[in-house]
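Line by line, the protein sequences give chains B and F. In terms of our numbering, the first sequence opens at residue 85 and continues consecutively. In terms of our numbering, the second sequence opens at residue 59 and continues consecutively.
These are computed hints drawn from the structure, not numbers from a lab. Bear in mind the structure is a predicted one, so any value in this text is a computation, not a measurement. Any given hint could turn out to be false.
Claimed, not checked - Here are the simulated distance ranges between beta carbons:
no., chain 1, residue 1, chain 2, residue 2, range
1, F, Ala-228, B, Ile-101, 53 to 59 Å
2, B, Trp-218, F, Ala-332, 49 to 55 Å
3, B, Asp-229, F, Lys-378, 16 to 22 Å
4, F, Arg-120, B, Lys-226, 20 to 26 Å
5, B, Lys-259, F, Glu-400, 56 to 62 Å
6, B, Thr-267, F, Asn-76, 43 to 49 Å
7, B, Lys-226, F, His-99, 15 to 21 Å
8, F, His-99, B, Lys-240, 18 to 24 Å
9, B, Glu-174, F, Val-123, 35 to 41 Å
10, F, Pro-261, B, Arg-225, 37 to 43 Å
11, F, Lys-336, B, Glu-96, 42 to 48 Å
No residue lacks a Cβ here, since even glycine has one placed at the ideal position from N, Cα and C.
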Amino acid sequence: MTNVNYVSELLERSFTINNKEVIDKHQVSFEVEKQDVHQILSVLKTEGWIQLSYLSAIDWIDENEFELVYILMNWERPVHIQIRTRIERENATMNSIMPIFEGCKYYEREVHEFFGIKFPGNPDHEKQLILENWDDMPPMRKDFDPRAYSDAHFAKREYTTDFSNLNNEPSKQAKRNERKNRTLRFKGGKK
Amino acid sequence: MRELKLFLGPQHPGMHGNASVHMFVEGDIIKRSYLLPGMLHRGFEKGMERHTWVNNISLIPRVCVVEPDINEMAFAMGVEKLANIEVPERAHYIRMLILELARISIHLMAYGGLGGPTGNYTLMYHAHADRNTILNIFEKITGHRIYHQYIVPGGVRKDLPVGIEKDIHAFLDDLESRYSEYRALGIENPSFIPRLKDTIMLPAEVVWELGVTGIGMRSAVNKPYDLRKVMPYARYDQIDFEVPVSDYSDARCRVDLKLKELVQCIGIVRQCLAKMPKGDVRVPMSKGQSMRWTVPKGHVYACVESSRGEFGYYMVSDGKSVHPYRVGVRGASFPQGLLGIEKYMPGTRIDDAAMWIDTMGVCSPEIDR
Numbered sequence: 085m086t087n088v089n090y091v092s093e094l095l096e097r098s099f100t101i102n103n104k105e106v107i108d109k110h111q112v113s114f115e116v117e118k119q120d121v122h123q124i125l126s127v128l129k130t131e132g133w134i135q136l137s138y139l140s141a142i143d144w145i146d147e148n149e150f151e152l153v154y155i156l157m158n159w160e161r162p163v164h165i166q167i168r169t170r171i172e173r174e175n176a177t178m179n180s181i182m183p184i185f186e187g188c189k190y191y192e193r194e195v196h197e198f199f200g201i202k203f204p205g206n207p208d209h210e211k212q213l214i215l216e217n218w219d220d221m222p223p224m225r226k227d228f229d230p231r232a233y234s235d236a237h238f239a240k241r242e243y244t245t246d247f248s249n250l251n252n253e254p255s256k257q258a259k260r261n262e263r264k265n266r267t268l269r270f271k272g273g274k275k
Numbered sequence: 059m060r061e062l063k064l065f066l067g068p069q070h071p072g073m074h075g076n077a078s079v080h081m082f083v084e085g086d087i088i089k090r091s092y093l094l095p096g097m098l099h100r101g102f103e104k105g106m107e108r109h110t111w112v113n114n115i116s117l118i119p120r121v122c123v124v125e126p127d128i129n130e131m132a133f134a135m136g137v138e139k140l141a142n143i144e145v146p147e148r149a150h151y152i153r154m155l156i157l158e159l160a161r162i163s164i165h166l167m168a169y170g171g172l173g174g175p176t177g178n179y180t181l182m183y184h185a186h187a188d189r190n191t192i193l194n195i196f197e198k199i200t201g202h203r204i205y206h207q208y209i210v211p212g213g214v215r216k217d218l219p220v221g222i223e224k225d226i227h228a229f230l231d232d233l234e235s236r237y238s239e240y241r242a243l244g245i246e247n248p249s250f251i252p253r254l255k256d257t258i259m260l261p262a263e264v265v266w267e268l269g270v271t272g273i274g275m276r277s278a279v280n281k282p283y284d285l286r287k288v289m290p291y292a293r294y295d296q297i298d299f300e301v302p303v304s305d306y307s308d309a310r311c312r313v314d315l316k317l318k319e320l321v322q323c324i325g326i327v328r329q330c331l332a333k334m335p336k337g338d339v340r341v342p343m344s345k346g347q348s349m350r351w352t353v354p355k356g357h358v359y360a361c362v363e364s365s366r367g368e369f370g371y372y373m374v375s376d377g378k379s380v381h382p383y384r385v386g387v388r389g390a391s392f393p394q395g396l397l398g399i400e401k402y403m404p405g406t407r408i409d410d411a412a413m414w415i416d417t418m419g420v421c422s423p424e425i426d427r
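Chain F extracted, bound-state conformation:
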């Protein structure tokens, strides 16, 4: 049969960002494929070298569009490690609160986004409506909906507003009461199961070969390899939560883990609100000028667990300048997005290609930077 070249993208296909997948197909089976990134390259790493440390706080959330808080957290952790700063206790809990609310919102968005390639738009509308409630909460806490610039080196920008606990509890109760509805709409829906079950496999050997982390890894190797458990940052070691795992990684299993993690996130947010101590939320970075502080010399790699896996910043400071010497971003979806699509997407059908990208958690803004 004749080989035909097809493109997926680069127009915004739902939520996978502006990257293009080139597919060579025979019939409806993909024979060869590769990702063509570059449509979203905005030169962040060069830009960060040319901005001061303070300016970078407003630049970094733009690296990943749908999940900006992990960028702020990784950057703040790196600066604190270099400068040896102890963050106040209350700030740790506020950071965890923000990160877990953001994780709920991104899991909802990814789960709802699955409605696009499968044609179940009801799911998408429900998920986006709930995400909107989280954005409203963020707006009350930080003043912004998407890019918060709230987690800064030394703590968080300002304290929580009075009475926000009520809003958060109301949202969590509402979401929990409709959790079974979400499952029934999505992965327990008879029209969904044939599309998801036993397709788009990810064996453990492939995980280790590519370097896939996050839900992809945990769904294949059956071990709780989560940075929040393995090397706890903030105060995750004082929070009681479980990491859902599995040993059979098909598309349905990875979506299932996403939903199970969502339940754990609800628990973490509740514990954060209950255990949050009183006190300061921020320590100043330096005694000198507030906008031109420097960071001691050193190399550091700071990483956090994002919804797609290990997300890290490699930072180098030369100790003299107000600019970072080098900042490198380790996008969580770099391995599966580039090498994974080249090696393991061939063999799937054309209509599963969008689902491959969605369930593997490929996010093109963090591949391009």
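Excised from the complex, chain B in its bound form:
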């Protein structure tokens, strides 16, 4: 039995899987219900998927939903598992998985900063991490427009090119000619 089949059987036996996709022999993805995520992650952790490789979110603005992605890795049975779940976009909240994977602490903090999803259970998730003194909506949401933000916050820089010779300095070519003549004078070539 391949590793991907092993995982599929394990999860399909006890949980509702909305969609399963086998990407290649080392990767498989499951779309699950929001309330099952913590149980699934616990089961997988006891089965050997002890490393949380990645945690992030996707903004599906047309369907008014966020999608959370948890990627787990097992080094004994080399399969990356994507666990994906959809949550509401308004007042987006998802319980933290810190009791299961402690390494998620900063991933959740980053997702909160960039998408505005709240993670009750993670003590620091509302502290600022990367964006210092941010005053707009979370920037990775699809309705955030970086160009509008930049126009509103920063003055347009005006570039002026002024080629007039203010200090009345001789041009580079004149300086070069002068140097050349001086050298020649020292060598006695030109009086």
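Keeping the supplied structure of chain B fixed, place chain F upon it in accordance with the hints.
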């Protein structure tokens, strides 16, 4: 004793990038510490959503400054997985050649960078001189020294130039002949050993708790957990190499593994040159416009083994647009750089803090993105 607040960074401290470590110290022992990232945040993930798939090829190498090729490889692998493209055989070998040369250069740079906090600058000059030779080889192959944009979805940009094998073999022979010199200058140097031995420990439990990968993990758990072995990409399954491991992870052991890996890299490059078949190096991505191709719908996570561990791209395509819907970067040093510094740096001495960052392999450009 009074608690004092000290900063490491954010000015460029050698090669760790522009991140700042805030340390609360009593005497010379760190009591609390945390990383303050954000000085290098350039909004890559948002930027990638606003560029086309083709434009992103020139954007992604900038994610990690010192090791850009892994970005290109992970991005190309992700697009190929989504679009179900088979890369030509020769392109696989050229990719491995580039990746392993890049690994030699980054290991040399990290090893030489250890000369900064320990005050052994000779080592740094030697390592950077050798790295420069690799950059010269890259310049001949790709036309660029640092950001190559050479590994593209569908293969590599163009074939190897004629006669480059001679240059590569000459460099590898030279490096191999001076390998014992490198060891004598660095980790076998009597002035180095007291600084490195039995300090900055990384037990296996901490590895699993944080999610550390790469040399940090292999040095603690004594198993060859390397993505090149465990889930081989390109043609690593047809190459004969070993993954050095250990079960006692102090700073000296992790540096030692780095040097042992360097020897393996030399072997891999030689095998690549010997086994490289003839043929095409690139398949076109689409039949339509060459600059505005689309990628089929799907979610994929593509990862490669970088010098610091598992480095991956999470990519989502909606199938209609010429832009990616979402690209997420899993920086290899995210776990040890943020949670590791907060939980496990306290207890070390101030002068070991820079060495902690160096031997754990923390790279701030990939934490900030």
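Notebook entry, point to check: Out of the numbered hints, which ones does the structure contradict?
Noted result: none
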